[in-house]
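Engineer: Here are the chains, one letter per residue:
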Amino acid sequence: MSDREMALAIDAAAAAVPGVRRVYRAPAGIGGAARLLLQRDDEPLSDVRGSRATVSIGVQADAPAQATAAAVAAAVQLLVGPEVEVLVRVGRIEG
Amino acid sequence: MNDDIGGSGYSLDDLSAYLDRGRTPAIAAIDRNPECQALLDAMTRFGALSHELVDRDGAEQPPSPGWLDGLLDTVAQEVRAGRDLPYTEGLVVTEGAVRTLVREAGDAVPGALVGRTRIREEGELTRIEIEISVLGDRPLVAVGDQVREAVADALRRHTPLGDAAIDVTVVDVHLADGADG
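Quick mapping for you: the protein sequence lines, in order, are chains A and B. Note that our numbering has the first sequence beginning at 1, numbered continuously upward. Note that our numbering has the second sequence beginning at 1, numbered continuously upward.
There's no promise every hint is true.
Said to hold, decoys possible - Listing some non-contacts, in silico: residues in chain A with all C-beta distances to chain B over 12 Å: (1) S2; (2) R4; (3) E5; (4) M6; (5) A16; (6) R21; (7) G50; (8) G58; (9) P64; (10) L79; (11) E83.
What the hints assert, rightly or not - Ranges between beta-carbon positions, derived for each pair: (12) R138(B) - E5(A): 12 to 22 Å; (13) G162(B) - E5(A): 36 to 46 Å; (14) A15(A) - H51(B): 32 to 42 Å.
Hints are computed from structural coordinates only; laboratory data are not their basis. Everything numeric in this text was worked out from a predicted model, so none of it was measured. Here a beta-carbon is modelled for each residue, glycine too, at the ideal position from N, C-alpha and C.
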């Protein structure tokens, strides 16, 4: 599976976790803003590079944010396997 | 201020125009950006607030545009993602998300509108400083207490800052335009 396919699968897995309002575009590090501007609408939101996967989520205000993020991390870790480090970033808590 | 919001490539003015158009046609770079979404929600709240003030006070003019514009600039600065605050290893919440949570909890208190917020570290202690405006003829201390309780509840429920000290300062009282105190 390519990094792009993996990132798309992560988007879907994260969005399916109860309490996740939406998946946001993960920050892309140095030069990220320029890269974001060039991304197409059908490109993945999560970021997978080799041994690191990052997913950014918005959590519903009626769901506890940390527990929701932990559930996302567990779902993503299952998907990517133990050798990939997973970072879940809560970018918004939204009512 | 007209900076690029959250690396989206869109400015505050662009977001305002997008909101005016009913967020159509959809722009993915805005809809998939948490900082843009936080700012759009703040703009929506401010619009509703402006109408509420006019309705309640019976004034013909909305609140001073300069006041709301200044507040919007503050919000635009504070929605930036900023630092990652760790829950545990591999799980973080952004400082921007916490600031937005604080703002939305405070704004939900009737008669309160959150201005500037600060998250400061004092050794082991985290201190949240919140400036609010009180709208209309409401008791200042009671509104301030309600804001502190609402913010404390939200922080405990959603962030690693449940033990933070919270200072609320009333910096302004606002009536509809021409009647500010």
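Engineer: Hint by hint, note whether the structure agrees.
Structural biologist: Results for each hint:
{"no.": "1", "hint": "S2", "result": "21 Å, holds"}
{"no.": "2", "hint": "R4", "result": "16 Å, holds"}
{"no.": "3", "hint": "E5", "result": "19 Å, holds"}
{"no.": "4", "hint": "M6", "result": "17 Å, holds"}
{"no.": "5", "hint": "A16", "result": "17 Å, holds"}
{"no.": "6", "hint": "R21", "result": "10 Å, violated"}
{"no.": "7", "hint": "G50", "result": "16 Å, holds"}
{"no.": "8", "hint": "G58", "result": "6 Å, violated"}
{"no.": "9", "hint": "P64", "result": "6 Å, violated"}
{"no.": "10", "hint": "L79", "result": "14 Å, holds"}
{"no.": "11", "hint": "E83", "result": "14 Å, holds"}
{"no.": "12", "hint": "R138(B) - E5(A): 12 to 22 Å", "result": "55 Å, violated"}
{"no.": "13", "hint": "G162(B) - E5(A): 36 to 46 Å", "result": "39 Å, holds"}
{"no.": "14", "hint": "A15(A) - H51(B): 32 to 42 Å", "result": "34 Å, holds"}
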